[in-house]
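Working from the sequences, and respecting the hints, build out all of it.
Same order as they appear, the protein sequences are chains A and B. Under the working numbering, think of the first position of the first sequence as 197, with each following residue one higher. Under the working numbering, think of the first position of the second sequence as 197, with each following residue one higher.
Zero decoy hints are in this set.
Computed, partial: chain A to chain B, Cβ under 7 angstroms:
hint : residue
1    : 199
2    : 201
3    : 203
4    : 205
5    : 370
6    : 437
7    : 441
8    : 442
9    : 443
10   : 522
11   : 523
12   : 524
13   : 525
14   : 611
15   : 631
Here are the computed distance ranges between Cβ atoms for each label pair:
hint : chain 1 : residue 1 : chain 2 : residue 2 : range
16   : A       : 606       : B       : 362       : 16 to 24 angstroms
17   : A       : 350       : B       : 615       : 20 to 28 angstroms
18   : B       : 524       : A       : 364       : 21 to 29 angstroms
19   : B       : 213       : A       : 289       : 45 to 53 angstroms
20   : B       : 566       : A       : 205       : 27 to 35 angstroms
21   : B       : 559       : A       : 459       : 34 to 42 angstroms
Simulated from the structure, these hints should not be mistaken for lab results. Yeah, the Cβ is synthetic: ideal placement off N, Cα and C, and Gly gets one too.
Number of protein chains: 2
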Amino acid sequence: MSAPAQLVLRARAGIAERLALSAATAEGAHTATSEVPGWLDRHRQSGGTVVRRIPFAELDHWSFAPDTGNLRHSSGRFFTIEGLHVVRPEADWQQPIIVQPEIGILGILAKEFDGVLHFLMQAKMEPGNPNLVQLSPTVQATRSNYTKAHGGTAVKYLEHFLAPQRDQVLTDVLQSEHGAWFYRKRNRNMIVEVDGDVPVDDAFCWLTLGQILKLLRLDNVVNMDARTVLASAPALRAEPKALSSDPDLLAWFTGERARHDVRARRMPLRAINGWQTGEHSISRVDGRFFRVVAVSVEGAGREVGGWTQPIIEPVQPGIVGFAYRVFGGVPHVLAHARVEGGFLDTVELAPTVQCVPSNYAHLPAEDRPLFLDAMLNASPDRIRYSTVHSEEGGRFLNAESRYLIVETDETTTPTQPPPGYHWVTPGQLNWLAGHSRYVNVQARTLLAVLSTAIGGRGAL
Amino acid sequence: MSAPAQLVLRARAGIAERLALSAATAEGAHTATSEVPGWLDRHRQSGGTVVRRIPFAELDHWSFAPDTGNLRHSSGRFFTIEGLHVVRPEADWQQPIIVQPEIGILGILAKEFDGVLHFLMQAKMEPGNPNLVQLSPTVQATRSNYTKAHGGTAVKYLEHFLAPQRDQVLTDVLQSEHGAWFYRKRNRNMIVEVDGDVPVDDAFCWLTLGQILKLLRLDNVVNMDARTVLASAPALRAEPKALSSDPDLLAWFTGERARHDVRARRMPLRAINGWQTGEHSISRVDGRFFRVVAVSVEGAGREVGGWTQPIIEPVQPGIVGFAYRVFGGVPHVLAHARVEGGFLDTVELAPTVQCVPSNYAHLPAEDRPLFLDAMLNASPDRIRYSTVHSEEGGRFLNAESRYLIVETDETTTPTQPPPGYHWVTPGQLNWLAGHSRYVNVQARTLLAVLSTAIGGRGAL
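Have a look at this one:
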């Protein structure tokens with residue numbers, strides 16, 4: 197007894213092909229790429245936002261809980277800053293961590309113009325961005341946003357992401373965010389296609405993927421949320437062969453996840469060891485890694501007129517880089533199965549190098565992160581990509597890193613890498629980024645730019 | 197500059213095809229299927245194991261911690277029984293939960309005889325199995341096992357799983373276990389192929405997948421660990437079409453995971469509400485769901501001579517069933533995005549029905565679990581599969597459920613199911629079971645038997 201029903205192909209045809217066509221389209225139907233930086237700048241000027249550091253005592257509606265010392269909003273919503281105790285067999289540390297269990301939506305609206313997919317990008321101010329306004333997804337909404345916990349205005353275009361129609365979703369996957377700063381945070385990364393007219397005001401513009409990829413070559417233009425959403429979209433799987441088959445890659449990853457024993461438990465912020473609380477910051481006694489500070493955001497044209505909030509500030513800029521080699525004609529990058537205390541499950545695939553070098557400057561070479569020197573000492577002709585990007589400006593203040601793709605060789609990055617590292621192709625990384633918790637947020641930024649940096653038919 | 201290197205096909209050819217051939221091979225090269233029940237019975241007799249209920253006070257090396265009341269072993273290893281507080285917007289409860297952070301290995305060794313893959317299965321005693329000895333994977337080892345925390349003998353064949361060679365791994369994926377009873381437990385589900393000779397004693401035998409599938413029609417013969425490992429192996433993706441494309445299925449799943457707000461925190465066992473502790477058990481005041489009890493295992497020929505342990509005992513047998521319909525010639529089962537308090541991340545895909553009916557017997561029909569009555573009232577000619585299986589006998593005592601696959605129709609299970617339910621094909625379920633935390637352990641048991649129950653080229 198077979199019921200009549202409308203069946204569809206399981207492998208919905210054409211998504212990766214249409215994205216690749218958009219990536220190959222250097223100029224769009226609406227806005228010239230060269231106009232985008234000026235457009236962002238106009239929004240920077242007209243917004244007139246000033247971000248000012250303030251002491252914790254001047255935070256409005258935010259305070260330290262009397263019992264735990266956790267920093268929280270009087271409404272009980274948004275996020276809290278608590279303590280985290282991470283125990284591993286070889287190490288054991290405590291730190292502040294952002295706790296925000298609700299799942300946000302990072303959504304980009306897509307629409308065909310002249311047969312080519314364009315993406316609706318937003319000029320969005322976030323207080324932690326070094327230049328405040330960056331190119332952002334159509335929608336960045338926490339549940340507090342769209343249930344209007346802070347009494348702001350409605351989030352534009354949100355309705356397209358809350359109940360998308362079948363066949364309109366190009367990608368929809370929960371992705372992790374920074375495991376060093378967030379406790380098990382994940383956001384929904386979505387691209388949804390629309391057919392009908394979409395009214396657009398001056399804070400939004402339609403760009404092809406090719407235009408966005410070109411803008412990804414500029415420092416601090418494309419924000420983190422846009423980068424991770426683009427990385428989650430399916431690319432053409434250009435390479436049928438690789439150093440490892442897909443099953444062997446999964447088996448290696450499973451082994452890495454299984455061999456690491458990471459126990460992370462939340463604890464009262466006031467009780468964490470090795471940190472000191474001042475009027476303006478919570479920082480490590482030795483000054484390394486990051487601090488928790490407070491800012492006042494004034495004159496902002498955002499959802500609400502102005503606000504104060506705590507925010508995490510790294511002590512120095514970071515280096516995030518993939519070592520890149522071609523084996524048998526097929527590009528590979530060297531992925532690292534990296535432990536971060538806030539990950540939901542021990543490890544995710546990270547770039548070859550991901551650190552703040554100044555945290556290790558005092559150490560002898562053999563105690564510094566593996567492959568860091570190969571990145572820092574790369575000759576200019578080996579550097580395929582080098583751009584400064586900042587992390588999510590709603591939670592992180594001036595969290596800039598230089599993102600690098602560096603061509604390396606057998607002497608610095610052997611074909612048989614050390615334990616914890618594995619050569620993967622861009623197609624393999626993209627395949628895994630289609631599921632949750634394989635590829636960390638820094639690796640997703642590099643994944644978004646891989647094809648422009650190293651070529652290859654398989655755009656992104 | 198392309199380095200010379202041995203590339204391999206990413207999609208390693210032939211794994212699913214070779215498994216399908218094994219599934220189609222009704223008798224193996226070594227042991228007749230009909231001999232297996234008798235062989236298990238001989239081990240049952242020769243082991244002479246007696247499992248006796250004891251009061252908690254007679255537990256050896258296990259005791260309630262003075263501060264938390266958590267039940268733990270004096271070595272600090274194995275597992276603990278603690279309290280869990282689960283908070284959802286619509287409900288809020290506390291319960292005992294097994295905490296065992298270490299990742300175990302469930303491994304089956306595979307080897308070709310006469311060109312057909314055979315699997316090395318073990319006659320293994322576990323105290324919670326209703327008939328003690330069941331057909332089990334080659335290896336079931338917690339890290340405590342193989343680092344010999346309980347001073348036992350080495351785990352046979354373990355070396356094949358600790359460092360398998362490239363191209364020998366047929367599947368290797370971390371899978372969740374019972375979220376109602378375990379706190380975020382996951383085990384490594386592995387099938388590893390060997391070429392060379394494997395010495396085998398009488399506690400082991402080589403069987404084809406076809407033989408194991410036939411044995412899966414018998415009550416309480418194939419243990420849970422074997423079932424989940426087999427479900428994790430790649431099957432032939434027989435159906436190119438389905439009611440939903442794969443991207444739409446993933447988008448639905450992401451939406452389900454995102455829309456559920458589940459906060460689960462461990463708490464002291466002594467402080468949980470609604471439970472009472474007696475000399476012999478920790479049970480709900482209203483008698484529902486499960487209880488924690490203690491057993492003494494005597495005369496066992498296992499790794500150690502005898503032991504005592506706490507164990508979880510459900511109050512009554514369960515019902516676990518998939519509703520099954522054919523749409524446009526393609527088989528589908530009705531999956532449920534189910535919240536379990538111990539899941540690492542809110543929901544996983546569960547069978548259409550998964551419950552202990554007696555927990556709901558006193559409720560009016562409209563308050564009983566959806567689709568339960570359709571399962572219980574199915575006419576015999578609609579029942580495609582009906583077998584009693586028990587859950588992991590190392591942690592669960594007599595945790596029997598009737599596993600059902602029932603052909604349904606539009607009146608009981610509409611083409612457009614209610615929120616939280618989705619029609620998926622066996623191939624889609626198998627695809628998702630290749631990654632962690634999509635398919636729960638009960639659905640994996642049904643996935644392992646789907647092809648025998650409903651036919652189709654895509655074995656398993």
